[in-house]
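Peer 1: Fit chain E to the given chain X structure using the hints.
Taken in order, these protein sequences are the chains called X and E.
So the first sequence is numbered by this note's numbering: it starts at 1 and just counts up by one.
So the second sequence is numbered by this note's numbering: it starts at 1 and just counts up by one.
Keep in mind that the hints are not guaranteed to be accurate.
Pairs count within a copy or across copies, as identical chains cannot be separated in the list.
Stated by the list, open to error - Straight-line distance between alpha carbons at most 25 angstroms, and here's what the computed DMTMM-like set of lysine to aspartate or glutamate pairs gives: (1) K71 <-> E304; (2) K325 <-> D394; (3) K162 <-> D35; (4) K254 <-> D317.
Just so you know, the hints here were simulated from the structure itself, not pulled from any lab data.
The structure presented is a predicted model; accordingly, all values stated were derived computationally and were not measured.
There are 2 protein chains.
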Amino acid sequence: MKSKVLLSFVAAVCLSLAVTAQDTPDARVQRVLADSRFGAAMAAIDRDHDRLVSEIIRLTEIPAPSFMEDKRGAAYLDMLRAHKLADVERDEIGNVMGIRRGVNPAGGPLVAIVAHLDTVFPEGTDVTVKRSGTRLTAPGVGDNTRSLAVLLALLRAMDETKIQTASDILFVGNVGEEGLGDLRGTKYLFQKGKYKDRIKQFIAVDGTGEGTSIANGGVGSKRYRVTFKGPGGHSYGAFGLVNPAFAMGAAMQKLSGIQVPQTPKTTFNVGVVGGGTSVNSIPFETWMEVDMRSESPVELEKLETAFLMLVRQAADDENKARSTKEGKLAADIKLVGDRPSGQTARTSPLVQMAVASARAVGSTPSLVFSSTDANVPISMGIPAIRLGSGGTGDRAHALEEWIDVEKTSSLKGIRALLATLLAVAEIR
Amino acid sequence: MKSKVLLSFVAAVCLSLAVTAQDTPDARVQRVLADSRFGAAMAAIDRDHDRLVSEIIRLTEIPAPSFMEDKRGAAYLDMLRAHKLADVERDEIGNVMGIRRGVNPAGGPLVAIVAHLDTVFPEGTDVTVKRSGTRLTAPGVGDNTRSLAVLLALLRAMDETKIQTASDILFVGNVGEEGLGDLRGTKYLFQKGKYKDRIKQFIAVDGTGEGTSIANGGVGSKRYRVTFKGPGGHSYGAFGLVNPAFAMGAAMQKLSGIQVPQTPKTTFNVGVVGGGTSVNSIPFETWMEVDMRSESPVELEKLETAFLMLVRQAADDENKARSTKEGKLAADIKLVGDRPSGQTARTSPLVQMAVASARAVGSTPSLVFSSTDANVPISMGIPAIRLGSGGTGDRAHALEEWIDVEKTSSLKGIRALLATLLAVAEIR
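For reference, chain X alone in the conformation it holds in the complex:
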């Protein structure tokens, strides 16, 4: 009897724990980690790691500047088709995706896990991967090609171990995350895509990392293309006329001197410049593309206001410094990017599951702000985070961008990612 009572008590406790377990993010993650299929899935990814690396290389070497993701998108579409997904397709804007069906009734809420296809590097950039040991160097290799390949590795491991989830999971390789892409792929998903009303949780896999950095905050950004326009003319014959390059130089010089706070982190950049027809012609136009970001909407607005003022000032100064007899110089200011900011509450189950998963693999996660596809759902109040795809790396957006695919570190981040995904989608 005694033992019976004890057993009953234990059973009752277990039951209550189980119920509680289902309700807390921590417990959900623990259930995933305790599931033998999770261990088997990670073992599969470990065995299959060379394939992951070769797919990183293969995808990196298909150039995919923003707005020119077609070729890489087509390759990724084929790769998605080789896995057990339903409705693999390319939408109107170029996102490629497929659904991994869960056990819940069809058509319910789903979890989207996305990696962007595009890179910041223009057409013609040499994207050949240089390999030295476990280090791969190439433009775009870490931002964001590794993530694309990791999504495939997750799919294969889940298939092989027959892992099921409650929710459907939407796997996406999306277009237009970078630069002037201005999140167009993800905006389309939420504004026009066929799953727009079903995506209730969103994980952007972007960059490397072992789970130490979880972005639950979307850094707001404002991007401008400013074109300075003047009458132009002969460099010698018309010397003395207003010169758009000089106005732009003054504007860049003034911008470079603006003081921004370190906290909340606030940044500015002149990213691309162009204009002019020949060395011996006063340009009729020159232009620059400027990126400004802040964790704080207030600081972003302050920076934006100062920037717009200095642009106008630079144009005015040039009109005073040189002759306007053939026409005045004007600054044409165009907003080309406006990324919403916001935050998924740190207390939300999604963030908590990511934190618990990172801790479970031995990492110490920080909650940070970043500017990724997650900004879109965050701004709509839909829980969203950005996670890394494992491994280490640095110099994103530089020609010498690199990642290290050393297996221990690579698997550590993947383990945190898979645990989060299966906790969020509820392993069954």
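Peer 2: Just chain E now, with coordinates in the frame of chain X:
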């Protein structure tokens, strides 16, 4: 007897005048003007003026950026072939040309008359000619397409009226006058071309004008392409690293403030800028092309020295203002153009004949400095000038470049040009 003595006296005076006439530039021009074939040639150009205009339009609408003169060169070669020229050909570098044989023995000194094929406008510029009355507006229409067509008109008129000259005349449509072309067409003519040792007088027909501006001075110029290079990186993640755009902005801003003398005329220009990969990347390089000119070699050198110093200063300042932990910023300074300066003496027969011709058509010529194909022979001590091709025009190197082909003004400049050419080559 008395009358016989008188007649002998008159004859002697006439003879002596004739001998003198052959020796002074003024008299040579007078002989041309008095020749009935000259009047007939100008009448032919007058009658044929519509064809001149249509050839200006036709050639203007064939884009010919420096280094991409092929298509226009081919068209001009065909047009030269339609006239009575010997040895019509295209040389290795792309100059198209033919010889109009004189009565002197073959192989002697010759007069070259050249018009450059290239324009400052890059590929893709709309070069459609907009016509409003006698005004033609299009990039490159006056600099230097009108001159190309005028050379053909001169040829036709000389052929029709059977004008002969003592010297051979080499008619050339040359490449690479503008910008980074750096006079490569004319340099080739004098350094490697088959006529390099025979060209003893040189007339560059460049721009419009009724003979009021005769350039006997070559403005020296120095042209630089400066590339600011840094490590690049993510606009947000790597904010704080040195930024090539900021160094370039500072350099442009400093250059814009340099004080240069009006006399001797000295000028500077930032003509083309470029660089960067995406709005959200710190550029790994940005570049600018800078043109500096002066009538005075001393002033040019002063300006060049100041420029080189401010470029280095801008790079140094950027390395102090921001972080160099991923690498320092450096300025790569490349000389891309070096146009010799110099002067054909105002007392030289070539200049004097041009002055006399301009006066003969009722213009008041000024001797000026300019930077044209004539700089090359001038720097070699070979008499050379730049003349206009008739008519009026303005806004060279600007998109709204225009010429007026109103006949009176158009013919006035052509008359001065033809008189000069026939005086120099000696009408026979």
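Peer 1: Going back to the hint list, which numbers does this structure go against?
Peer 2: Result: hint 1 breaks, nothing else.
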